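**Q** Listed here are the chains, written in short residue letters.
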Amino acid sequence: MSTKSKKRIAMFWASSCGGCDISLLEIGGRILDVAEAAGIVFWPCAMDFKYSDVESLPDGSIDVCLFNGGVRNSEQHGIARLLRRKSRLLVAYGACAADGGIPALANLTSREAIFEAAYHANPSTENPERIEPQPRWRAPAGELHLPEFYETVFRLSDVVQVDVELPGCPPQAERVWETLQVLLGAPAPDSWAGGRVGCSPRTVCDECPLEKKMVKVSAFRRHHEFRPEPGHCLLEQGLLCMGPATRGGCGALCVKAGMRCEGCYGPPAGVPDQGAAMIGALSGIVDAANEEKAGELVSQVADPTGTFYRFTLPAGFLKARRHMGGQS
Amino acid sequence: MNHTGDSPAAGRRITIDPVTRLEGHGKIDIFLDENGEVADCYFQVPELRGFEKFCEGRPVEEMPRITPRICGVCPEAHMMASAKACDAVYGIDLPPTARMLRELQYNIFFVTDHATHFYALAGPDFVLGPDADPGIRNILGVIAKAGPEVARQVLQCRAWGHEAASIFGGKPVNPVNAIPGGMSKGINEEERARLEEICSFMVEFGKLTLNILHDVVLADPRYLDLILHGPYYSETYSMGLVDERGQLNFYDGDIRVVDPHGAELCRYRPAQYAEHIAERVEPWTYLKFPYLKKVGWKGLVSGHDSGVYRATPQSRLNVSHGLATPLAQQAFEEYFGTLTGDRSGRRPVHHTLAIHWARCIELIYAAERALDLVRRPEITDPDSYRVVCGKPVGEGVGTVEAPRGTLTHHYITDERGIVRKVNLIVGTTNNYAAICLSVKQAAQGLIRKGAEITEGLLNRIEMAFRAYDPCFGCATHALPGRMPMELRIRDGEGNVLAAAKR
Numbered sequence: 032m033s034t035k036s037k038k039r040i041a042m043f044w045a046s047s048c049g050g051c052d053i054s055l056l057e058i059g060g061r062i063l064d065v066a067e068a069a070g071i072v073f074w075p076c077a078m079d080f081k082y083s084d085v086e087s088l089p090d091g092s093i094d095v096c097l098f099n100g101g102v103r104n105s106e107q108h109g110i111a112r113l114l115r116r117k118s119r120l121l122v123a124y125g126a127c128a129a130d131g132g133i134p135a136l137a138n139l140t141s142r143e144a145i146f147e148a149a150y151h152a153n154p155s156t157e158n159p160e161r162i163e164p165q166p167r168w169r170a171p172a173g174e175l176h177l178p179e180f181y182e183t184v185f186r187l188s189d190v191v192q193v194d195v196e197l198p199g200c201p202p203q204a205e206r207v208w209e210t211l212q213v214l215l216g217a218p219a220p221d222s223w224a225g226g227r228v229g230c231s232p233r234t235v236c237d238e239c240p241l242e243k244k245m246v247k248v249s250a251f252r253r254h255h256e257f258r259p260e261p262g263h264c265l266l267e268q269g270l271l272c273m274g275p276a277t278r279g280g281c282g283a284l285c286v287k288a289g290m291r292c293e294g295c296y297g298p299p300a301g302v303p304d305q306g307a308a309m310i311g312a313l314s315g316i317v318d319a320a321n322e323e324k325a326g327e328l329v330s331q332v333a334d335p336t337g338t339f340y341r342f343t344l345p346a347g348f349l350k351a352r353r354h355m356g357g358q359s
Numbered sequence: 009m010n011h012t013g014d015s016p017a018a019g020r021r022i023t024i025d026p027v028t029r030l031e032g033h034g035k036i037d038i039f040l041d042e043n044g045e046v047a048d049c050y051f052q053v054p055e056l057r058g059f060e061k062f063c064e065g066r067p068v069e070e071m072p073r074i075t076p077r078i079c080g081v082c083p084e085a086h087m088m089a090s091a092k093a094c095d096a097v098y099g100i101d102l103p104p105t106a107r108m109l110r111e112l113q114y115n116i117f118f119v120t121d122h123a124t125h126f127y128a129l130a131g132p133d134f135v136l137g138p139d140a141d142p143g144i145r146n147i148l149g150v151i152a153k154a155g156p157e158v159a160r161q162v163l164q165c166r167a168w169g170h171e172a173a174s175i176f177g178g179k180p181v182n183p184v185n186a187i188p189g190g191m192s193k194g195i196n197e198e199e200r201a202r203l204e205e206i207c208s209f210m211v212e213f214g215k216l217t218l219n220i221l222h223d224v225v226l227a228d229p230r231y232l233d234l235i236l237h238g239p240y241y242s243e244t245y246s247m248g249l250v251d252e253r254g255q256l257n258f259y260d261g262d263i264r265v266v267d268p269h270g271a272e273l274c275r276y277r278p279a280q281y282a283e284h285i286a287e288r289v290e291p292w293t294y295l296k297f298p299y300l301k302k303v304g305w306k307g308l309v310s311g312h313d314s315g316v317y318r319a320t321p322q323s324r325l326n327v328s329h330g331l332a333t334p335l336a337q338q339a340f341e342e343y344f345g346t347l348t349g350d351r352s353g354r355r356p357v358h359h360t361l362a363i364h365w366a367r368c369i370e371l372i373y374a375a376e377r378a379l380d381l382v383r384r385p386e387i388t389d390p391d392s393y394r395v396v397c398g399k400p401v402g403e404g405v406g407t408v409e410a411p412r413g414t415l416t417h418h419y420i421t422d423e424r425g426i427v428r429k430v431n432l433i434v435g436t437t438n439n440y441a442a443i444c445l446s447v448k449q450a451a452q453g454l455i456r457k458g459a460e461i462t463e464g465l466l467n468r469i470e471m472a473f474r475a476y477d478p479c480f481g482c483a484t485h486a487l488p489g490r491m492p493m494e495l496r497i498r499d500g501e502g503n504v505l506a507a508a509k510r
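Protein sequences, first through last, are from chains A and B. According to my numbering, the first sequence is numbered sequentially starting from 32. According to my numbering, the second sequence is numbered sequentially starting from 9.
Accuracy of the hints is not assured; some may be wrong.
What the hints assert, rightly or not - To give an idea of the interface, some chain A residues facing chain B are shown, with a C-beta separation under 7 angstroms as derived from the structure:
(1) 59
(2) 140
(3) 150
(4) 179
(5) 215
(6) 251
(7) 253
(8) 257
(9) 284
(10) 285
(11) 287
Note that these hints are calculated values from the structure, not bench results. Fair warning: this is a prediction, and the values are worked out from it, not measured in the lab. Ideal Cβ positions, reconstructed from N, Cα and C, are used throughout, including at glycine.
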């Protein structure tokens, strides 16, 4: 079968968990339609193409590159640059590539602290000589090399220019399918706002089946402490549901399983900072007659950063503890 | 990129970077001596993500949602180990329905996960053959050879497995429902009936898989010879979870370790893991090497005196006194009868490639177990799918068998249940030393002076680690790509003497 007239598509995983690759498989038999419409020139998860195959392609010859995972080390940084050069349309696929994702919570700490936790101060590690992995190490028979572990995690757009972003941890299968159809030539729906695709211009609340009773929140609670009343808005019951500060598109799947939205689709359209948006939303629903009472309520939030910025730390105003530090 | 031959002692060097058809990234460096024989071999894991550090400060009840992002291939394993550690942090004994729901969800996940490995990652080496054209040596080639009906069944197993995950936990990838004290939601009769249909199908799918294994692999003398007599045999300790009858359980139990001859070294509760397991750090890889403390670290060597152990489907059968379900027990006896001559399973199997066979037996066990659980009347009890937690005890360990080995989460919290310390020993990490050993052994057995380095030879080296279904994403809490491989033999100046790639 000739691939000459076909689009060329690539999928790559960097510092991710593999869930994005699985989410692409979630479109089921329709993956065969994708293979029909496009020649897959690089998909390490499923096909045997090499770095050298990508290097030998002319610049700009990949029509669509789906890049998932953040950039945690020098090797991933190099591949991001290579794929940018070879691709006409570079897609940040999934929360990690688009917004940093959960692994970017590491930006609250440092490389030294991560090494300390993993290799030294750890109940099962026995390392009296304080050995740590080295970028270069001389083995008896020759030198061995490891990629450089960066100080922080980067979004894809922190290291190369990105054309569109498909959020979600992982992106929901129907949104992936819609996105692929557009990327391969179908007209884009009106709901695609700016460079962010495969999601709704509205929030998770707009897709949520639970009922808002317009009651004020007088205390924040944690989900292991009580059984929420079925059918009633989780936020109004005191759970820090990120629905009002999170872009829709998933269909409120977590809420349907009885759990609060944790914000994986990132901030709503036109909002740069998801945490700030959530704090704004909370100010409208807390039962605080005065500043003192409001402060008391806020102090009940067990982990503000990990709750409000779970998926977007490098994207928000907070950035990293030392942003862009450690990059070579 | 690959610097080579820079030590005066080095003759030549072979680099396989990156290796393929595993989950995650690995790189193999093989050093040859002046005679062209393998002098040394390193299997490097090039990344780390630092979950153990950045989970500090998070509310512990969020850990079952955060840690599945260690691995999107086996998120249920992390969710369950994490939820169990949380139960312990709050000193909770689960109500029966909650316990049953977790085990049911987990066994359905096991079927899906094992099926993916057998058909998509490992199957090509056997169905198509280790020397087949690499262009067809993949899942599409397997489907072409096995026929459209088998393809339909494999796709249905994946699709229905993920449908089950959504019924339990909302999202098909990274479900969210296991929480301290049980599950965020129960299942109703309509959901239960659909799950029963899925489990019934999975039992049939397990039978089909064992039949394919027999017809395609075991009935072929070339493969049987490769399994029994190829350079894929390591006598190590074996680890796995067993229930009160000493039988395999994926969700809960004691950790049992047997020596290379099958004698019990230790049996302990998960909370005691640090008394029995220690981890070694090496400068040439980001991944640590767990070993048995009682035996000690003697380097990357096998045998009775080395603390290297394996925690694979094969190891789990080695530590188990039979299996609790009928079809799986029948397959268990046949497996041990063929490989050790003793159907009771008292003598451990050490043939690395037979891990694939053990995985198929586990697949049908998981399906039968799930079908048994989904038919229990208490499973739809609307009240006891969870209990509410009180004050935290402050420390908890949770262990399950992940598809790739024993998975342990250990949390220490403050009095508000905020995480202060995290330790994770994940499935593949247990096997890291053994994987290094197996790869070196295959390289030594296959690379001989003057022998032509073919693509098939390289693939046979890769088959040594593929048997473990390794997931270095899990292991390092990082997942770079699953790359094709390239092998270069260089001289002391770094000049390429020979190259093979696919």
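**Q** Look at each hint and say if it fits the structure.
**A** Consistency of the hints with the structure:
1. 59: holds (6 angstroms)
2. 140: holds (5 angstroms)
3. 150: holds (5 angstroms)
4. 179: violated (10 angstroms)
5. 215: Not OK, violated: residue 215/A not within 7 angstroms of chain B, min 20 angstroms.
6. 251: Constraint on residue 251/A not satisfied, violated at 11 angstroms.
7. 253: holds (6 angstroms)
8. 257: holds (6 angstroms)
9. 284: holds (4 angstroms)
10. 285: Hint holds; residue 285/A Cβ to chain B Cβ min 5 angstroms, cut 7 angstroms.
11. 287: holds (5 angstroms)
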